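Engineer: Residue numbers (this note's numbering), protein chains in the order written: chain X, 484 to 676; chain U, 484 to 676.
Rather than coming from a laboratory, the hints here were simulated on the basis of the structure. Any given hint might turn out to be false.
Here are the simulated DSS-like pairs of lysine-lysine, each with C-alpha atoms no more than 25 Å apart in a straight line [what the hints assert, rightly or not]:
hint	chain 1	residue 1	chain 2	residue 2
1	X	Lys584	X	Lys540
2	X	Lys540	U	Lys641
3	U	Lys652	X	Lys534
Here chain U is said to cover these stretches of chain X; the calculated rule only asks that three of the stretch's residues, wherever they fall, bring their Cβ under 8 Å from a Cβ of chain U [said to hold, decoys possible]:
hint	stretch
4	536-544
5	597-609
The model shown is predicted, which means the values in this text are computed figures rather than measured ones. Ideal Cβ positions, reconstructed from N, Cα and C, are used throughout, including at glycine.
There are 2 protein chains.
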Amino acid sequence: MNYPNGIKKNNNSSDSIVSELSHKNRGMTLESELNTTNEYYRSIDKAFIYKKPTPIKITKVDYPSRDKAVIKEAFFTIPSTTDYNGLYKGKYIDFEAKETKSKTSFSLNNIHPHQINHLRNIYNHSGIAFLIVRFTTLNETYLLMVNDFLNYIDNNDKKSIPIDFFREKAYLLKDGYMPRIDYLKVIDEIIGG
Amino acid sequence: MNYPNGIKKNNNSSDSIVSELSHKNRGMTLESELNTTNEYYRSIDKAFIYKKPTPIKITKVDYPSRDKAVIKEAFFTIPSTTDYNGLYKGKYIDFEAKETKSKTSFSLNNIHPHQINHLRNIYNHSGIAFLIVRFTTLNETYLLMVNDFLNYIDNNDKKSIPIDFFREKAYLLKDGYMPRIDYLKVIDEIIGG
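Let the sequences and hints guide you as you build the complete structure.
Structural biologist: Listed below in C-alpha cells is the structure:
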C-alpha cells in the first residue's frame, strides 16, 4: 500500500483504518493534480493560489542540534478555513476540494460546518468561492460555485447533495495536460474574464 | 522558560538553541496579537484574514485507534508564501509579520527570498501586500507597504532596512484594545476605504 507523501504507518488494527487510509490516499490524486495546476498557473504568472499547510497542534519537539528541530508528537486539528486560497486577476479566490467514492451523491459530512461558514463569509464579502468535487468512481470532477452550494444547503434538509444537482448546476472540469485541471477557465467564464 | 503553544522541549544542548527558542517565544507576542485582531475582525464581519498553519513535512504517523492519528515524526519546512492572507472589502490581503530585537535595522535574513518573490507577485497582480515589523526593544510596530519594501531592496545592496526607513515610509501601528493592532485602519487610509 502506498501512503501519501512518504508517510510510514506504524500500527494498524482494523479494516476501517485501512479504508480511511486508502480514502486519504485517493484524496491525494485530486490534491496533487490541483497542486500541479496551481504550480503551472504560477509559472505562467497567471494566478497565485496555494494549498494551505495541514493544520496540526504540535505538543513535543526535539532539538538534537541547532537548526534541526524534529517534531516528535503532534495531532491533526480541524481546519477553520478551506484548503486553497489566493489571488487571480486582482480577485480573492477561495475553495475546498473533495473526492467521493459515491456514484449518487456528495455527503455534506465531507465539509465541516465552519468551512461552510467560511465560504459564506467569502461569498458575502465579494470573494470568489467554490467547491471542486470529484466523483472518483464516475471519474467526474465538478466546480460548484458557492452561491449554488449555499442555495442547496439552505433549502434542503438532506445530508448530501445528489450527483444530479452537480450535473445541473456545476461545471464539469475536464482533465488536461497543462494545466491538469483548468478550473480558472471556468472562473473566467463566470466572472466574464 | 515558557514554550509557545504548550510545546515541551525534550533535549537541549547549547545556548544558541535556548536563544533560538526564546526568540521564537518573543515572536508569539506579535503573532498572538495579530491572531486576536483577526478574530476580532471576523467577529464584527469586517475581514476574513487568517494565519496559515506552520508548514511541516510529516514522515511518521501512528494510528493507535480510528480517528486518533498521532504524528510521531515531522519536520518544519520553509514556507513558500507569507504567513497571513485573506479577504477585506472584496480585496485580496497578504502580509508577513516579523519581530526584531534590533534597535537600528530590520535584517532581510528575516524574510525568505521566495517570500519576497511571493510579495512581488501579489503586488503585480493587484493584491494588497505589506509587512508588519515590530522592533521589540523600541516597542515600535510598523506596517510597510510592499511597493516601498520592494523599492528599498531593489535599490539598495544592504542586508537590512534601517529603522529610519520605517520611520519615514511605513505606518506606525499603535496598540489598542479592540482590535489589538488595527492594521486595516491603515489599509483604509491607503486604499481610500
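Engineer: Hint by hint, say whether it matches the structure.
Structural biologist: Hints versus structure:
About 29 Å separates the Cα atoms of X:Lys584 and X:Lys540, which puts this hinted pair outside 25 Å; it is violated. Taken as a hint, the X:Lys540 and U:Lys641 pair is broken in the structure, with Cα atoms around 38 Å apart against an allowance of 25 Å. Note on U:Lys652 and X:Lys534: the hinted pairing is violated, with a Cα-Cα distance of about 33 Å set against a maximum of 25 Å. Under the rule that three or more residues need a Cβ within less than 8 Å of chain U, the assignment of the stretch 536-544 of chain X holds, with 9 such residues.
Residue count for the stretch 597-609 of chain X with a Cβ under 8 Å from a Cβ of chain U: 6. That meets the three needed, and the coverage hint holds.
Figure legend: structure checked against the earlier numbered hints; hints not met, in rising order: 1, 2 and 3.
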